[in-house]
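Starting from the known structure of chain V, arrange chain Z on it as the hints suggest.
There are 2 protein chains.
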Amino acid sequence: MVPIITVFERSPDGGKGLSRDMRVRWALAEVGQPYDVRTVSFAAMKQSAHLKRQTFGQIPTYEEGDLVLFESGSIVLHIAQNHSGLLPADTNAAARAITWMFAALNTVEPPILELQNAKFAEGDRPWAAERMPLVRDRIRERLAQLSDYLGDADWLEGGFTAGDLMMVHVVLRLRPSGLLDEFPNIASYVARGESRPAFRRAYEAQLPENVSKPGRG
Amino acid sequence: MVPIITVFERSPDGGKGLSRDMRVRWALAEVGQPYDVRTVSFAAMKQSAHLKRQTFGQIPTYEEGDLVLFESGSIVLHIAQNHSGLLPADTNAAARAITWMFAALNTVEPPILELQNAKFAEGDRPWAAERMPLVRDRIRERLAQLSDYLGDADWLEGGFTAGDLMMVHVVLRLRPSGLLDEFPNIASYVARGESRPAFRRAYEAQLPENVSKPGRG
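Protein chains in written order, with the working numbering: chain V, 1 to 217; chain Z, 1 to 217.
Calculated from the structure, these hints are not laboratory results. One or more of the hints may lead you astray.
Only pairs whose alpha carbons sit at most 35 Å apart, straight line, appear in this in silico DSBU-like list of lysine-lysine [what the hints assert, rightly or not]:
hint : chain 1 : residue 1 : chain 2 : residue 2
1    : Z       : K119      : V       : K46
2    : V       : K119      : V       : K52
3    : Z       : K213      : Z       : K16
4    : Z       : K52       : Z       : K213
5    : Z       : K16       : Z       : K119
6    : V       : K46       : V       : K213
7    : V       : K119      : Z       : K119
8    : V       : K119      : Z       : K213
9    : Z       : K119      : Z       : K213
Note that the coordinates shown come from a computational prediction; the quantities given were computed from them, not determined experimentally.
Excised from the complex, chain V in its bound form (with noise of 0.2 Å):
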């Protein structure tokens, strides 16, 4: 049984694997799980068929059989957990790599998408200039504490996790801002998850040309 993930028609990146979708393919990727695709658009998005499976209208979504999982890091374990290669084979091991993935998506990410929203939803106010340095201080101090956690270390606890696979990916939704280029360890870190082979796999897979075509796994 192949699953089936959801993916924007068109993301609006335009094709730079910034989206949440492509977390769960390099996870497919990663342990070599081919899938199937479904392309949705922003008025799809927002209707019933969608939020039936989507309850807040994003993107993706996993589907195995009579399971329906949304949130990229539940699908994200979910895979992790059913496949050998993301998670160590020791418990404790394990809950470390998971603690990251939850440290990516709640205290990393957050301050993330308050830039996303400074620059999307709040480019045109009247505040906009003068807020930005504030905004980009708060994902600052995160990166910081990042980067002296992460050192000269290739991976945050000995060999590659799903806790890097999302936090690699977080992170990499700055580089538009330039603010990874502040943390020279940090921006070997993130090039380190993507000349990973199955990194490469994903991102091919979600261009433009490719988006709805089967993943390969």
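Then chain Z, alone, in the frame of chain V:
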């Protein structure tokens, strides 16, 4: 072996149960697991002894022998996967419950964190009053979607799960804003969570006079 959690020495909310250690206390109370408590001051949270446990200088942390976890989502999931009572036995139903944990933390909580920043980090800025309605509308959008999904159900997926625990606590943080009152079925859902005996035990445990005492579970 009794786990140790780290919590605020003095919670910024003065003991209203809004801090993230409440999620962990509540989960431990639901499964009947006693625990010990370490308190940290605001100064100690930025020092190396704490940063070694919690990269981002936050609370809570969770220690169990050699295992050190942080992120309330990760800790609650660890508790839920190692005790009975917070996740259904059926694996698909458990995956759905975990989806709701991530939805609470990565879709519903980020706009609530933005509101906290708007109030506490930017409340004295010249744009604060004019901007606030935009921030509140972003929360309303998520609450409306959650309200549509929940309808007149007691819990998100049949019986109470770790997904409800996380969603109730995330949404509970909105009580001071008045936004909960706009969505009566969500207000009832939160009240239902707060009336659980385990929630009450956790709430008592986090009151200023009890905060550093061992938890009964």
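Going through the hints against the structure:
A C-alpha spacing of about 30 Å is found between Z:K119 and V:K46, which places the hinted pair at or below 35 Å, so the restraint holds. Proximity of V:K119 to V:K52 is assessed by CA-CA distance (about 30 Å); at most 35 Å being required, the pair is judged to hold. Annotation: proposed proximity of Z:K213 to Z:K16 holds, straight-line Cα distance about 17 Å (limit 35 Å). Proximity of Z:K52 to Z:K213 is assessed by CA-CA distance (about 23 Å); at most 35 Å being required, the pair is judged to hold.
A threshold of 35 Å between alpha carbons decides the hint, and for Z:K16 with Z:K119 the separation of about 18 Å falls inside it, so the pair holds. With a C-alpha separation of about 23 Å, the suggested pair V:K46 and V:K213 falls inside the 35 Å cut-off, and the hint holds. Taken as a hint, the V:K119 and Z:K119 pair is honoured in the structure, with Cα atoms around 20 Å apart against an allowance of 35 Å. With a C-alpha separation of about 46 Å, the suggested pairing of V:K119 with Z:K213 is violated against the 35 Å cut-off.
A distance of roughly 32 Å separates the Cα atoms of Z:K119 and Z:K213; the hinted pair therefore holds under the 35 Å criterion.
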